[in-house]
Amino acid sequence: MSASVEQQQSVFVIDDDAALREALASLFRSIGLRVKAFASTSEFLQFKLPDAPTCLVLDVRLPGLSGLDFQAELAKANIEIPIVFMTGHGDIPMTVRAMKAGAVEFLPKPFRDQDMLDAVQVGLERDRNRRKGASDTAKLKASFDTLTLREQEIMGLVTAGLMNKQIAGELGVSEITVKVHRGNVMRKMGAKSLAELVRMADALGVRRRPPP
Amino acid sequence: MRQRSKAGGKPAKAQRRKTLGRKRRNAQNPLRRDNSSVSGREREVARLARELNEAAEQQRATAEVLRLINSSPGDLEPVFASTLASAVRLCGADIGAVHRWDGDALHLIATHELPAVYVELRKQTPHRPHQHSASGRMLASRSPVHIVDLAADRAYLEGNPSTVAAVEIAGVRTTLAVPMATEKELIGSFTVGRRQVRPFTDKQIAIVQNFAAHAVTAIENARLLRELRESLQEQIATSRVLQVITGSAGDLQAVFDTVLENARRLCDAEFGNIYRWDGEALHLIAWHNTPAAFAIYRRQGAFRPSATSLVGRMVRTKTVVHVADAAANPDYTERRDPSLVAAIELGGVRTYLAVPMLKEGKLIGAITVYRQEVRPFTDKQIALMTSFADQVSIALENARLLQELQETLQQQAAAADILKIISRSTFDLQAVLDTLVELAVRLCGADLGAVHPQRENFRAFSIYGLPDAHREVAAKVLFAPDPGSVMGRTAMEGKPVQVADVLADPNYTLRDAQQKLGYRTVLGVPLLREGRPIGVLVMMRFAVRPFTEKQIELVQNFADKAVIAIENTRLLAELRRRTDELGRSVAELQRERKNKLMNLETMAASISHEVRQPLASIASNGGAALRFLGHAPPNLEEVRSALNRMVGESHRASEVFDNIRALFGKADQGHEPIEVNELVRGVLSGLQGELEENGIRADLDLPAGLAPIMGHKGQLQEVLVNLVRNAIEAMHADAESRRLLRVSTAPHGGNKVTVAVEDSGPGIDPKRSASIFDAFITTKSHGMGLGLALSRMIVERHGGQLSAAPAHPRGSIFRVVLPTGHPAKESR
Chain A
1 MSASVEQQQS VFVIDDDAAL REALASLFRS IGLRVKAFAS TSEFLQFKLP DAPTCLVLDV
61 RLPGLSGLDF QAELAKANIE IPIVFMTGHG DIPMTVRAMK AGAVEFLPKP FRDQDMLDAV
121 QVGLERDRNR RKGASDTAKL KASFDTLTLR EQEIMGLVTA GLMNKQIAGE LGVSEITVKV
181 HRGNVMRKMG AKSLAELVRM ADALGVRRRP PP
Chain B
213 MRQRSKAGGK PAKAQRRKTL GRKRRNAQNP LRRDNSSVSG REREVARLAR ELNEAAEQQR
273 ATAEVLRLIN SSPGDLEPVF ASTLASAVRL CGADIGAVHR WDGDALHLIA THELPAVYVE
333 LRKQTPHRPH QHSASGRMLA SRSPVHIVDL AADRAYLEGN PSTVAAVEIA GVRTTLAVPM
393 ATEKELIGSF TVGRRQVRPF TDKQIAIVQN FAAHAVTAIE NARLLRELRE SLQEQIATSR
453 VLQVITGSAG DLQAVFDTVL ENARRLCDAE FGNIYRWDGE ALHLIAWHNT PAAFAIYRRQ
513 GAFRPSATSL VGRMVRTKTV VHVADAAANP DYTERRDPSL VAAIELGGVR TYLAVPMLKE
573 GKLIGAITVY RQEVRPFTDK QIALMTSFAD QVSIALENAR LLQELQETLQ QQAAAADILK
633 IISRSTFDLQ AVLDTLVELA VRLCGADLGA VHPQRENFRA FSIYGLPDAH REVAAKVLFA
693 PDPGSVMGRT AMEGKPVQVA DVLADPNYTL RDAQQKLGYR TVLGVPLLRE GRPIGVLVMM
753 RFAVRPFTEK QIELVQNFAD KAVIAIENTR LLAELRRRTD ELGRSVAELQ RERKNKLMNL
813 ETMAASISHE VRQPLASIAS NGGAALRFLG HAPPNLEEVR SALNRMVGES HRASEVFDNI
873 RALFGKADQG HEPIEVNELV RGVLSGLQGE LEENGIRADL DLPAGLAPIM GHKGQLQEVL
933 VNLVRNAIEA MHADAESRRL LRVSTAPHGG NKVTVAVEDS GPGIDPKRSA SIFDAFITTK
993 SHGMGLGLAL SRMIVERHGG QLSAAPAHPR GSIFRVVLPT GHPAKESR
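Chains A and B supply the protein sequences, listed in that same order.
With my numbering, letter number 61 in the first sequence gets 61, and the count goes up by one each step, no holes.
With my numbering, letter number 212 in the second sequence gets 424, and the count goes up by one each step, no holes.
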């Protein structure tokens, strides 16, 4: 990862207690993280998230909506952001629920400053990996888009495990034609083997159902 | 006799064997003696022949007499006639007579060849013989008297009528009177006579004596036989009666019938009656062959014999009364005693016998037998009747014992039934009293019955014996402890009260009920608890028929059981009430204890929660400051501001303690009169910003004139702020147009005030409504549980209550009820 990308990563804090907001902001700044603090979830939602790894530090008790409910709402809205929960009196069922829903950590107040920093680092790392995975798929998609419709079709059939002859029969073309298209697919997708092409097809979700 | 005939008939043969035995020699002696002259021998033969004839005839006569005696036991007339005839013939007399001696006079019982005129004469008057007459002398000497010529006798010469009659009418001249006597007594005379003067020989006298002895034997035999027969008959009758008594199992009628039938037969009476004595009168309970008119007369009314009457004497003396001729009694002749007049004129009674029936010396009745002619009963018959009376007494006693046994058994069964019901765990007073009344009615022969418990205001609680339609009537009748009703009198007097006929009672006022239900005899028995009536058990009869002592006792017994049942119910109810109370106070104690614990927990949780927030800030700021110091160069600006914040947060933490101490530490010092409406207005104006921010409309209903409450203003403020904030939170999910907060105050009861905070939110999940006040139970997104627990604690410390309920059409309503005036110790 380049330094520029590192510097772009940010931590968001939502807590209705201004003093704690400021304390946390200061703590994150002290290790060079970008911080943005909000008094409520609605304020947060109005903010445009950067295209960079992020982590959210959230109080379970919030006016209006509980932290856990907000977590569920974010997931529903397809906003994928790692969450570190803080709680004044967390109980086990609440913790379990948050962790199941993908929370990074569940920290009871008062927490050790290092625990908070570690949790946030884990969150940022997790977000970084998620973002990287998302960009690889985007590249594959771009390559796939360069294929002709017939080549895309043949990629789906080849990766389903069909022989050239079978594909020819299926499409009503000659076996030679299938071989040519297949070569184009391997080249355009940059696949060195059939196995790699199968993985790509899986990632793209274009692999046909294997014949019975 | 045989020897004689051999000697007479075959002399030659006897001669040839003269060396033979002594007998033969002896037999030859008369012949040898009379050989002296033929004429002497002939005379001797004639004499012997005559003797032989006489002896034979005597034998025959005796045999005949004995045969007669044996063949006709008891019927002596033919025996005497035959004996007399034989005697007259054998002793060459012409006439004869047999008399029975009764100690006073001679009674003619058999005659032979006496003129009818003479016999008639004799039968008309008892024959009391002249002391110088033959019979008179015989009676005096107890030995045969032989008068050669009665016409020359002194009695005749002195003109003794019976002697004159004997001589002149019967033509008696020579007469022989032989006494008939047993070892003990003279029982009669046996007389033979001749119409010419010719003395009886000794032999003839002996013959007459012999026949007289036969007659005595016959009489004795007859007497013994009669006695035997009588005693047999009596024994048979007695055993028959006893059989009936044993077999009848309380069927007295069968016993009476048997006794009367036997009594009538054995006493040779026309008819017989059995009476029961009730202490005042005789009641005809059985009769046999009694003329219908007489029986009906006796049945119609009680037979109260006058003290002077003979039956009255029997009642008084408890001894047998034997009346030879009832018609001779002045009670009849002067018509003083109607019952006697009835007996004579309706029953044709002349001779009668009344035998008392006694039990342990007390008169219980009488048995009577009647003859429609004047003919007294014999001692034997009287003895027999006494025995019958005893037997009837025994039968009556048996029947009484049997009935008592049955009653006792019935009562025991009834008591067992009732005790069974009483002891049931699911105790149903109605069922018990219903059963009690039913059994009481049935066992004491009443028609209606009811229990009137005092606790039901003496209304009929259990009624038996009425169709449903009439039960209404009975149940509606209002009773009061007054003399207007038997029930009332019983309740007043506290002891059984009986009115034989309520119609005849001028003080009886329940005319309406009486008319509808139709009862006449009423018995009231009190249900007594510790001597005080707690109700009345009433028994009624449609007929005028008072309850007996025994029945009253029985009803009292049932009343006692009813008291037990009612007492049990009362005790059971009390036990239940006490148990409930105990349970409630235990629950209260438990809740109080739980509350105290909860209050502690609530306080601890509240404090720690409030302190966690600044502590978290301090820790974060500290961490930040340390890291900024580690920067190269150290970012002192950041360090300073972090340290400043730490100082601020430290103060904040200590404020938490100050606040808590202010709220709960010195609670009493903060107590002051509070106008609830003012408090509400203050809290709402403080929260005005939050309400507007959330687009919530507030609707206040604060009527004037509420009494002020005493309390800690700060604490109560906190409570209201908490409730309003809860309401704001609850409406967060609502559309803004619908968000409505209602706060109202109102007086509650006489000395309390209610503050209600209502929201229009989704309301409390019914599953959690019971636990919303527990610490740490989060019902809303913002974790309001802690606030509610604290709020309730504060309200309860003020002696009030905090409760939650669903509002209509939606939302929740929280109510705070606080006492007005000084809450005193509750504030601690």
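Because the hints were derived from the structure by calculation, they are not lab data.
Everything numeric in this text was worked out from a predicted model, so none of it was measured.
Quick reminder that beta carbons are idealized off the backbone N, C-alpha and C, glycines included.
Among the hints, erroneous ones may be present.
Claimed, not checked - Non-contacting residues of chain A with respect to chain B, defined by C-beta distances greater than 10 Å in every case (computed):
| # | residue |
| --- | --- |
| 1 | 29 |
| 2 | 117 |
| 3 | 125 |
| 4 | 172 |
Unchecked claim - Selected chain A positions facing chain B (in silico; Cβ < 10 Å):
| # | residue |
| --- | --- |
| 5 | 30 |
| 6 | 80 |
| 7 | 109 |
We went through each hint and held it up to the structure:
Not every Cβ of chain B is farther than 10 Å from the Cβ of residue 29 (chain A); the closest lies at roughly 7 Å, contradicting the non-interface assignment. Under the 10 Å C-beta cut-off, the non-interface status given to residue 117 (chain A) relative to chain B is violated; the minimum distance is some 8 Å. The claim that residue 125 (chain A) is not at the interface with chain B holds, since no C-beta of that chain comes within 10 Å of its own (minimum 20 Å). Interface exclusion of residue 172 (chain A) from chain B stands, the closest Cβ pair being 59 Å apart, more than 10 Å.
Using the Cβ-Cβ criterion of 10 Å, the hint placing residue 30 (chain A) at the interface with chain B is satisfied: the shortest such distance is roughly 4 Å. With its C-beta approaching chain B no nearer than about 23 Å, residue 80 (chain A) sits outside the 10 Å limit, and its interface hint is violated. For residue 109 (chain A), the suggested interface contact is upheld, since its CB lies about 4 Å from the closest CB of chain B, less than 10 Å.
Of the numbered hints given earlier, the model fails hints 1, 2, 6; all others are met.
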